[in-house]
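A.B. asks: Sequences are here, hints too, so could you generate the full structure?
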Amino acid sequence: MNLLGVELNNKEAVLCLMSSEHGLFNVKECRTRGIELRKGETAEGVQGFQFQFKKFLEDYKVETVVIKTRPSKGKFSGSANSFKMEAAIQLIDGITVEMISSTEIKETMKKNPLEYTMKDLELRQFQEHAFNAAYCFALKQKYAAKKN
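Just so we're aligned, residue 631 is where the sequence shown starts under the working numbering, counting upward by one.
There's no promise every hint is true.
With a straight-line cut-off of 16 Å between C-alpha atoms, the simulated EDC-like cross-links for lysine to aspartate or glutamate are [unchecked claim]:
#	residue 1	residue 2
1	LYS658	GLU693
2	LYS714	GLU674
3	LYS641	GLU671
4	LYS685	ASP723
5	LYS658	GLU688
6	LYS770	GLU651
7	LYS658	GLU752
8	LYS770	GLU737
9	LYS658	GLU758
10	LYS641	GLU666
11	LYS691	ASP723
12	LYS749	GLU659
13	LYS684	GLU666
14	LYS669	GLU642
15	LYS685	GLU666
16	LYS684	GLU716
17	LYS714	GLU642
18	LYS714	GLU671
19	LYS714	GLU666
20	LYS641	GLU716
21	LYS736	GLU758
22	LYS691	GLU651
23	LYS641	GLU674
24	LYS770	GLU734
25	LYS658	ASP750
Please keep in mind that the hints were generated in silico from the structure rather than gathered at the bench.
C.D. replies: Listed below in structure tokens is the structure:
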């Protein structure tokens, strides 16, 4: 199964593509590390972002997108653009979109610490949150499959 971990910030969806098969995880090479939302104040800008994102998903045969949630209120709340990007992603037909919270990621990483750095995985440091979202979701799926 191809997974795409996503962290949404003010103007960009930071991406980390990985596959999960038989309990093994593999970070995959891809053509971009992020997709930018240009002109988030216009419908055309949001549609352009959605088109680029959908094309990426089709090209890499991604079945599941895992988005790290952001608070909607308070000091660390997500921007309006990040919520527009989230909605645009969720409205893409034919994919499953899952949300994972920072708390869930922290708990999972505490129970299943990584033995590798982002550099070892050939990822940039800014992709760490996107990777953690995909990795934790994949672990959750792995353990759910073992219970059944």
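A.B. asks: Kindly indicate which numbered hints from before are broken by the structure, ordering the numbers from low to high.
C.D. replies: Structure breaks no hint.
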